[in-house]
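> Using the hints provided, position chain S relative to the given structure of chain W.
Residue numbers (my numbering), protein chains in the order written: chain W, 10 to 289; chain S, 2 to 842.
Worth double-checking, as some hints may not be accurate.
Said to hold, decoys possible - Selected chain W positions facing chain S (Cβ under 10 angstroms, derived; list incomplete): (1) C72; (2) K204; (3) G210; (4) R222; (5) V285.
To be verified - Computed list of lysine to aspartate or glutamate pairs in EDC-like fashion (alpha-carbon distance at most 20 angstroms, straight line): (6) K705/S <-> E89/W; (7) K79/S <-> D77/W; (8) K99/W <-> E263/S; (9) K595/S <-> E648/S; (10) K804/S <-> D77/W; (11) K553/S <-> D538/S; (12) K804/S <-> E193/W; (13) K90/W <-> E648/S.
Note that these hints are calculated values from the structure, not bench results.
Ideal Cβ positions, reconstructed from N, Cα and C, are used throughout, including at glycine.
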Amino acid sequence: MNKIDNSKTGRREVLKGAGTVVAGAAALATGTEVAEAAGTAPRWAMVMDLRRCIGCRACTVACKAENDVSLGRFRTVVQEKTVGTFPNTKKGFLPIMCNHCEGNKEDGVPPCVKVCPEYPGKRMTFETPDGGKIRYRGGATYKRPDGLVLIDAEQCIGCGKCIDACPYGVRSFNPFVKAGKKPENQAADKCDMCKERVANGIDPSCVNTCQGRARIFGDLNDPTSEVAMLVKEHDLAKNVLLPEEGTDPHVFYIDPDNMLGKIYKKRTKGKLDHYVDLIP
Amino acid sequence: MSKLNRRNFMSLAGASGAALAAGVGTSKKALAGNVTFENGGRDFSPVTGKERKAIPTACWQCVTRDSMMGYVEDGRLKKLEGHPGSIRTLGKLCAKGQAGVNQVYFPDRILHPLQRVGKRGEHKWKKISWDAALDLVASKLKPLRDAGTPELFMYQYGRHKASQAATMYDFMGAYGTKTIGNHTSVCEAAKWVGQESLWGGMYDNWDYDKTDYVVNFGSNQFETHTNHIPTSQRLIRAMVDRGVPLYTFDVRLSNTAAKSTEWVPINPGNDGLVMLAMINVIMNEGLFREDHFKYMRVSADHHATTDQKIAAIKAEVAEFTPAFAESRSGVPAAKIAEIARGFAKAKSACLVTYRGTVMHFHGADQERAAMLLAAITNNLDTPGGRVMGVGAGWSAPSTPAAKIHKGLHIKDGFKGEAAFPTHHVSHQVGPVIKDGHAGRPKVYWWSCYNPAFINGDNKEWSSILQDESIMPFLITSTITYDESSQYADLILPDVTYLERWDWEDMVSANQIAEFYIRQPLIKPLGEARCQGDVWPDLAKRIGFELAWTDKKDFVRQSCEMTSGVKEAGGFDYMMKEGVWHDPNDKGNYGFYAKEVDVSGDGVILDAKTGVYWNWKKAGVASEADAMSAGYLGTKGAKSSYVAQHIEGKALSAYAPNTSFTKSGLLDFYSDNFKGKGLPAFPTFTPTPEHEAMADDELIMTTYKVAVHSHSRTTHCKWLAEIKHDNPGWINSKTAADRGIKDGDAIKVHNGLGEITTTAYVTEGIVPGVIAISHHFGRQHSGIYGSGKSNPIDGGASPDPDAKNMNWKKHGVHPNAIIPNSSDPISGTQRWMDTVVRVEKA
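One chain only, chain W, in its complex shape (with noise of 0.2 angstroms):
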């Protein structure tokens, strides 16, 4: 139940809820983005909470068909893994996908939309939900003032410096689609929140599938939401992958049991094996 509310009270009350989103707010008035009219954007997050997550891969395969994903390649994965000795035996599951970072402190933009190339590159306007604009840069890879970290193949030149420089790994190239502004090159690509679903009021084909609600995604503007209340209750704020990379990623983790240290699979420079869904 992810009721959209752009009450201005409303956004403040969850910043004060959680701090690290503070980030995004300062993003809005900072770097390339230019806040114009009055307007408010939602701030789209996922909450994962690894107690509902059974492993049952219906979120990658639900990705796969939503988006014809290519093989060997993904747009989330879930990684599992088993530790303890027998008896006492343990197996976790860890969903992973674009963590739609807000980017660090500094200057609100995300590490892969840094490295591109053309970015910033044509102006757009966001227009909010209560009326407002808001006006931003767009490029081959960008952020919305919404939060989502987007891609424009049209405007791609399929360099992979967004690949490498994403320290989630969730990126590749797509053999299907060429890059826009360098037709022999592919284009990159990787998760957009079902941002086509999302824009008609319908949760992502991921979320949608989850049987076990282990997916939870809303505004983290608006205080009523239940990814907001998620965050807040279970101060998610720093339940985040990688923190110490400072990106500030919007996807958080319910993770009572610690199993987020355990089962992380981290990327290796250069490589995306650890992005790859696999059931031993």
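What follows is chain S alone, placed relative to chain W:
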């Protein structure tokens, strides 16, 4: 959003549609104000943003058959997801379901009829027309029927349910053959036989929405289960939302075990023993509840008092102490006692069992122990407990059966193999046919079934199909070339489930029946034809008519004749909405406690059993004869059962509505079993092969993973990508004893043969066991399932994605070294009893 019913689902969809009118696309006002995120029901192209056409339908990747939505873009199926208005699935769909799209478009699909031109297995075929194909079939079937030997036509199916089964049975009845085989003995027949001997009709549901405690023996329901999506999501939510504990007994750390409050490792074949030890604790510590005892029979006496019953149960389980159970099962006695106490003291509790428990020697008896454990704690057929499942009861058109309507006795295994093969012994159909003493079909037609892959000793099955002298004409309806269809004489290209009509009826997880339909999302590819459309055509060619013209007509007629669906708007309503349930239905609980009027003509009380039965309906000559012969002494009397006399009342109780003749009591003491020399009361019977094991031998068990069905999904690329190889799970100690390290090539062998795989050395399995999943090692499953295109041209379009495929391993098939060996009670294939040796390859 999960509690949306159909009506407000649709109205919400409308509301958001209105909101969207303001501006479609990203960064527009579509999200303005108070739009609530919907739980699916609509989908949009990620490329163009265009809304896709949404059609309600139903899944078929496994028997769960979730109601779902299909999304079509420019005539091509793009996406599937759960039906948000379904009370069963609550809008969810599993990984297999999501990959249903692959079933339509995999590049090795067969899209035109093929007639064999070389020898069986030579892969030489010619493309023929449907007209020629059906004339050929009719030329084989008509003479058999005309000669009064319709039983020499055998049909065997793997996954047929609801209207697909109903249309097939209608045709077969009108044709005249009863030689119709199924696949249930490789599935879980022991479970049903155990249950039928007790409460009549079967299929237990677990009432997770209301339960307070769950104990699970051998069911991997977070990954795979015959009612996976409806039950699994309710269980994980019960755990997290309401703190319901889940204890899983399993040889292997499945995902279900991993997500349990506690994984309790157990040696194979001992589930029933641990249950008996739990019963021992509960009885001796006085933790039982007497509420359900009046419905139970636990000794030869049908009229025992509750105190006598308590004493009888105590006596029966006295030897099964937790300490004894520990000695065999490896589960610590204290753990058994702890879980027994928790189970008995919980306000309500579910006792779950599945293949891990029942696919063993005396598996049916282990299921009876499970029922007993539920019953003595008043968790049988009570809210929050193990309850009798309900599914939709459809009415359907039917054609009168042929005058000559008979079958060969080849479905129930070899003579004496199984005492109660009420779900048949399907894995032995091939060997019994080869044996020949009970006759051999002249025409064998199988569909949605791959006997040369899915049965034990599958190479033997393969050789039976290959030998033309055993069965002269083989027909298969299939979407793909496989281990069995390679030997057919005629391949008929079936539609996928996404291209056909059906009504559906799978059990609900909330005790309220859901009626739902499957409708085509796209036109069948190529020349693929639905069998339900083929039957009426074939009937005409043979010389008879069916009561329906095609599958759509069958479904239409059914919708117009089924009470409830009809009033809701019949076929038109179902096409639009996909699902229907009675909004006034309160759920199936407590049916056994209903008082019954026994004043009817011919109803008498049988003194011995306490059964009210109708001697007139039973066809007995006089009341005196009926009284003298008694209920149990009168053949067919169970069909005239009326009620059970319990504490001075006539109650509906547990009617004997299966092949077991019994009273209305739960027959924990079973005359049926005793009469066949089997344990009358649930007990522990060691597995003979395990008793005779040498020190260096291991038990091999098989299992399913979350992303595959047994044999129908390896060609689905999105699933094969995630799981395509099946290493043997082996405990680090067991491996070390054999000098085996993780990733080593290993040989697994026994008298039947040898397979080679790699070792997955893990702490997630009990020592002394090797577990190998049973999906892989496909001879033919196309590029994605077997790494090579099939050796025939099926006429499907290539998939440009194939060049991106990056896996080279395709696993090994454990069935090659698993004998076809039946539980002597139920005829179930004993998948979990195989003894092997394992060594470094």
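> Decide, hint by hint, whether the structure agrees.
Here is what the structure says about each hint:
no.	hint	in the structure
1	C72	holds, 9 angstroms
2	K204	holds, 6 angstroms
3	G210	holds, 4 angstroms
4	R222	holds, 7 angstroms
5	V285	holds, 9 angstroms
6	K705/S <-> E89/W	holds, 17 angstroms
7	K79/S <-> D77/W	holds, 8 angstroms
8	K99/W <-> E263/S	holds, 9 angstroms
9	K595/S <-> E648/S	holds, 13 angstroms
10	K804/S <-> D77/W	holds, 15 angstroms
11	K553/S <-> D538/S	holds, 14 angstroms
12	K804/S <-> E193/W	holds, 18 angstroms
13	K90/W <-> E648/S	violated, 56 angstroms
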